[in-house]
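Colleague: Using the sequences plus the hints, can you model the full thing?
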Amino acid sequence: MKYLLTAILLTISISNSYSQTSQEDMLGSWFTYAGNHKISDKFSASTLAQLWTFEVAENFNFILVFGALNYQLTPKLTTTIGYGYGDIDGGFYTDKPHTYENRVFEQFVYKHKIGNLPIDHRFRVEQRFFHKLDFKSTSHRLRYRLGTKIKLNKTLFIRVHDEFLATIDDEIIDENRLYGALGINLSKSVNVQFGYLNRKIKGLNLHRLQAGIFIKTDHRKKQVD
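Using the numbering used here, you'd call the opening residue of the sequence shown number 9 and step up by one each time.
Since the hints were derived computationally from the structure, they do not count as laboratory data. No false leads were mixed into what you were given.
Simulated pairs of lysine-lysine, DSS-like, Cα-Cα distance not exceeding 25 Å:
| hint | residue 1 | residue 2 |
| --- | --- | --- |
| 1 | K162 | K119 |
| 2 | K196 | K119 |
| 3 | K121 | K159 |
| 4 | K157 | K196 |
| 5 | K196 | K159 |
| 6 | K224 | K159 |
| 7 | K159 | K84 |
| 8 | K84 | K157 |
| 9 | K224 | K119 |
| 10 | K121 | K50 |
| 11 | K224 | K46 |
| 12 | K50 | K196 |
| 13 | K157 | K121 |
| 14 | K144 | K104 |
| 15 | K121 | K196 |
| 16 | K224 | K196 |
| 17 | K46 | K229 |
| 18 | K46 | K162 |
| 19 | K46 | K196 |
| 20 | K157 | K46 |
Modeller: Here it is as structure tokens:
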């Protein structure tokens, strides 16, 4: 653990020691809170908040919050419908006005194993409604994420996933997000992850440190004997 923290601090120190002007050259950050709240055997609610910054822990880029309702069709397949709200910075080191987003999405997640390796597939469709000053626009996005979680012991695990995104508007904008992290189970219901995310979009190759906390709660009524 101390070696991981040392590496993160060294990376931050190096990134802040240079005067860089391109967002592609900057090391940014991506902070995540995600919660899953069991309501019944079939239904659960999801909550999420994300903060992106152009530089490590500074220079605001984007914030997103959302809530969603999940229904477990089978032990392997879960469907979801949700709503999110976002605030997007006008640009890297610019005074352009922010863009605000209302987002509706539908998804399903399918989980299985290849041997002893757990595999998860997430398919998502998003309808995105933007407004900036008096201008409004709409776009649609398709997303597919392939991931796995590798347990190292009872406390530590590795999380890896790769996600492809395609925005369908006047043109198709492709994006790819590759993520790898070390996870630490703080309890049966809480874990934290520290990792790296590589985001490729519109010809840019962006590098982001990621830190996240993930929480599970169970609100089902306890059966009394």
